[in-house]
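Residue numbers (the working numbering), protein chains in the order written: chain A, -19 to 98; chain B, 98 to 232.
Hints are computed from structural coordinates only; laboratory data are not their basis. Any given hint could be a false lead.
Pairs of lysine to any residue residues, derived as SDA-like cross-links and limited to a Cα-Cα distance of at most 25 Å, are as follows [stated by the list, open to error]:
#: 1; chain 1: B; residue 1: Lys111; chain 2: A; residue 2: Ser(-1)
#: 2; chain 1: B; residue 1: Lys111; chain 2: A; residue 2: Leu9
#: 3; chain 1: B; residue 1: Lys153; chain 2: B; residue 2: Met188
#: 4; chain 1: B; residue 1: Lys126; chain 2: B; residue 2: Lys189
#: 5; chain 1: B; residue 1: Lys126; chain 2: A; residue 2: Pro63
#: 6; chain 1: B; residue 1: Lys111; chain 2: A; residue 2: Thr39
#: 7; chain 1: B; residue 1: Lys153; chain 2: B; residue 2: Asp102
#: 8; chain 1: B; residue 1: Lys153; chain 2: B; residue 2: Lys126
#: 9; chain 1: B; residue 1: Lys111; chain 2: A; residue 2: Leu5
#: 10; chain 1: B; residue 1: Lys189; chain 2: A; residue 2: Leu9
#: 11; chain 1: B; residue 1: Lys111; chain 2: B; residue 2: Gln160
#: 12; chain 1: B; residue 1: Lys111; chain 2: A; residue 2: Leu31
#: 13; chain 1: B; residue 1: Lys126; chain 2: A; residue 2: Leu9
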Amino acid sequence: MRVPILKHGDYLIASVQSSLNDEELLQLLDDLVVKVASVRAKGVIVDVTVLDIMDSFATRILRDMAQMIRLRGAPTVVVGVQPDVALAMVQMGLSLGDINTALDLEEGLALLNEHKDN
Amino acid sequence: MAACDRTFNVTTDKDVVRIREYSRIVAEKIGFSANERTLIATVVSEICRNIIEYAKTGQVIIQVLLQNSRIGILITAVDNGPGISNIDMAMKDGFSTGRGMGIGLPGSRRIMDDFEIESTPEYGTTVIMRKWLVQ
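With these hints in hand, go ahead and build the complete structure from the sequences.
Spelled out as structure tokens, the structure:
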């Protein structure tokens, strides 16, 4: 299933609805990188609340995604990493690198607003 | 519980998702906590990815372990790929010869209670991992 991408003011919100296979994750990356320019978005939020696992592939694609979107001129915030997913990532040695993260959608929007004001 | 034992072929990323979801179900039946189930599923995901990355294809076996009134999960990964020429290096954090980040094996060893790896160059690699339920 394609991840829906909603426009919210100047921002794009990609809200993952179910666990994703690799193809769907790569599709999301493509969709976001294209859409960020077509709507001239000032920021992107990727909501991963429903993801019950983030392995090396998922973390690598999220890092690539944030970097590509940054090259297109917008910051990305990943929101909703679940506590047991965070625990497994740390134990496994997986990192989201320098991607901004926030607890939930609300905090993510606040972070993007801060970024825009600066 | 032996009815839970299953062997999976690993070839594509869809297999990775299927197998890790199955491992989570088995882990839940055994009685592992939500945290432990996610840890186990992450290990299974990484071990499947290693197979696809380095050997293209292989098998992963998920089994329930019963031993002296202990219960646990046994994950076995077998492939006939190129093998690992330097296991000590492969077990180091951050070492990778593939596209990955070299975290799969050392991370899995940290998470599981027992971790055995056997590899013969040109014949393949077998990884055996156990995690016991703390009762």
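Status of each hint after checking the structure:
1. Lys111(B) with Ser(-1)(A): 11 Å, holds
2. Lys111(B) with Leu9(A): 18 Å, holds
3. Lys153(B) with Met188(B): Holds. Lys153(B) to Met188(B) sits at ~20 Å (cutoff 25 Å).
4. Lys126(B) with Lys189(B): 33 Å, violated
5. Lys126(B) with Pro63(A): Status holds; Cα separation ~21 Å.
6. Lys111(B) with Thr39(A): 17 Å, holds
7. Lys153(B) with Asp102(B): With a Cα-Cα distance of about 23 Å, the restraint between Lys153(B) and Asp102(B) holds, given a limit of 25 Å.
8. Lys153(B) with Lys126(B): 31 Å, violated
9. Lys111(B) with Leu5(A): Roughly 12 Å between the alpha carbons, so the hint for Lys111(B) and Leu5(A) holds.
10. Lys189(B) with Leu9(A): 30 Å, violated
11. Lys111(B) with Gln160(B): 20 Å, holds
12. Lys111(B) with Leu31(A): Distance ~16 Å between Lys111(B) and Leu31(A) Cα, so the pair holds.
13. Lys126(B) with Leu9(A): 35 Å, violated
Checked against the numbered hints above, the structure breaks hints 4, 8, 10 and 13 and satisfies the rest.
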